[in-house]
Amino acid sequence: MAIFVVWIVAAVFLNTPFQNDTYARGKLENVPFSQLVTDTLNQERPVLPAPHQVGAELYNTTVKKKITSKRSLIFHSWITLSTALLGFVIGTALGVLLAVAIVHNRALDKSLMPWIIASQTIPILAIAPMIIVVLNAMGIQGLLPKAFISTYLSFFPVAVGMVKGLRSPEHSHIDLMHTYSASAPQTLWKLRIPAAMPYLFTSMKVAIAISMVGAIVGELPTGAVAGLGARLLAGSYYGQTIQIWSALVMASLLAALLVGLVSLANHFVLKRMGMS
Amino acid sequence: MTATDTISARDLSLTFNTNDGPVHALANVDLSVRQGDFVSLIGPSGCGKTTLLRVIADLEQPTGGNIVVNGVSPHEARLARAYGYVFQAASLYPWRTIARNIALPLEIMGLSKKEQKARVQHNLALVNLSGFEKKYPWQLSGGMQQRASIARALAVEPDLLLMDEPFGALDEIVRDHLNEQLLKLWDKTSKTVVFVTHSIPEAVFLSTHIVVMSPRPGRIIDVIESPLPRLRDLDIRETPEFLEIAHRVREGLRQGHSYED
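Chains as they are written, first to last, in our numbering: chain A, 1 to 276; chain B, 1001 to 1261.
Here chain A stands alone, though its shape is the one from the complex (with noise of 0.2 Å):
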């Protein structure tokens, strides 16, 4: 509630000058206040876009557009999602592996963990378009470039969450696997692993969030052709305020649906391992 209040006062407030503007052009002079706050709520294009103007575009491009129409929401959405998801399965799987080396290998654990930090302190929008032009040299193209960007992105936190999850067990967990003369992948499956499996849900939240970015900034220099990026990228250069608050909620949204949803996967696995 709070939060609708400091925005429609906002929008009132950044949306004023324009509007006065307008009256000056107008000739129209003292406006009551409260035209002027109905003024500034219904702008065709607004520096801050009220709530409710935002709910209306929102409403518009998902119930009353077909789903394969270039301007439903949903259609871009799914663009996005879809990206994101690719992006986010591959960075997972890479992240794991790579902890997997990492928690074995002590010469791997001191030369690729400094690549593995160095790797995320490179601005994402620097290096986004690089990687999508080297990939369409290369003949890729399509969904992929652009999960790649999420995968980038997303395989840091499950790297760094599995190494720590790997070596999380008790010491006298991995005595006992040594007193049974086991080999290291009957320790990595029957004891770090599953050890590690609260360690992978809570880096995996972090992961697929971060995917949903990637898939957006991976969809800037690609020409804006389609995905929620693709309808910021379009809204910005018409000035459509509108249209980028409405993908913004919308990105938003489907960020908290799929962080939920790996809560959930979280709430059932350990569940059933007998850990919750």
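Hints listed in this document are in silico derivations from the structure and should not be mistaken for laboratory results. Here the structure is a predicted model, which means the values were calculated and not measured. Just so you know, even glycine gets a beta-carbon here, dropped at the ideal spot from N, CA and C. Heads up, some of the hints might be wrong.
[To be verified] Ranges between beta-carbon positions, derived for each pair:
| no. | chain 1 | residue 1 | chain 2 | residue 2 | range |
| --- | --- | --- | --- | --- | --- |
| 1 | A | LEU125 | B | SER1112 | 56 to 64 Å |
| 2 | A | HIS171 | B | GLU1107 | 19 to 27 Å |
| 3 | B | THR1063 | A | PRO114 | 34 to 42 Å |
| 4 | A | MET275 | B | SER1130 | 22 to 30 Å |
[Said to hold, decoys possible] No farther apart than 20 Å at their CA atoms in a straight line, the calculated lysine to aspartate or glutamate pairs in the DMTMM-like style are these:
| no. | chain 1 | residue 1 | chain 2 | residue 2 |
| --- | --- | --- | --- | --- |
| 5 | A | LYS271 | B | GLU1133 |
| 6 | A | LYS190 | B | GLU1107 |
| 7 | B | LYS1184 | B | ASP1037 |
| 8 | B | LYS1134 | B | GLU1107 |
| 9 | A | LYS190 | B | GLU1133 |
Based on these hints, arrange chain B on the given structure of chain A.
Chain B only, in chain A's frame:
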């Protein structure tokens, strides 16, 4: 070393290099354990009793002397799964049910599902835990968890059982009860047991041989052979023989301490 020695250590020593200089965890340790013995290692904290047990189990490497377990090196004995090890904490895996925890070493050994199931049932019955197969560790009391961990060690069917203060974290009533059960189990299965404890009554009640150790450096002061019969009940703790051995152990421990200050 005789042919019946299950464990034979000669002049064994182990020095840890720490930032504060070398720590002599074990020095000049001679020990022989015959097959079927119940040997307790007793001493104050830091006397190296757990370290000695871990050397036998090939979880620590000695820096001097030599040790033979089951006629081979501890490393080969570990690879042959010649012993079962019971830790101070039950160390059950929380994501496995009791039955699957006991099956863990059997899975690693690659036994058939049928064989696994039979051994799980058999060993659960040995520690009086039949009917708790499907429970998770946290649903059991501390004493039951430790019994499950003993069943897990027995499931490997080793001749040698290494126990590191297995009842140290339990209250006295449960401990007495488990001591009695352990003796019966030992008598029934005729295993060799090496048992680490810092409780004098526990050591005297359980053991055929009591090895008294002292710290800095960790060494053996006295080995007491118990004249008590193999199978005992808790009442034996009131007899003069029992008290006499307990007294000798206490004297040994006190003598070990006088070296310090």
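Verification of the hints:
The beta-carbon spacing between A/LEU125 and B/SER1112, approximately 58 Å, falls within the hinted interval of 56 to 64 Å. Checking the proposed 19 to 27 Å range against A/HIS171 and B/GLU1107 shows it holds: the Cβ atoms sit about 21 Å from each other. Between B/THR1063 and A/PRO114 the beta carbons are some 35 Å apart, a value that agrees with the proposed interval 34 to 42 Å. Checked against the given bound of 22 to 30 Å, the beta carbons of A/MET275 and B/SER1130, roughly 25 Å apart, stay inside it.
For the hint pairing A/LYS271 with B/GLU1133, the CA-to-CA distance comes to about 18 Å; that is within 20 Å, so the pair holds. For a cut-off of 20 Å, the pair hint linking A/LYS190 to B/GLU1107 stands: about 10 Å separates their Cα positions. The straight-line distance between the Cα atoms of B/LYS1184 and B/ASP1037 is roughly 14 Å, inside the 20 Å bound, and the hint therefore holds. The straight-line distance between the Cα atoms of B/LYS1134 and B/GLU1107 is roughly 17 Å, inside the 20 Å bound, and the hint therefore holds.
For the proposed pair A/LYS190 and B/GLU1133, the alpha carbon gap of about 19 Å is at most 20 Å, so the pair holds.
The structure shown violates none of the earlier numbered hints.
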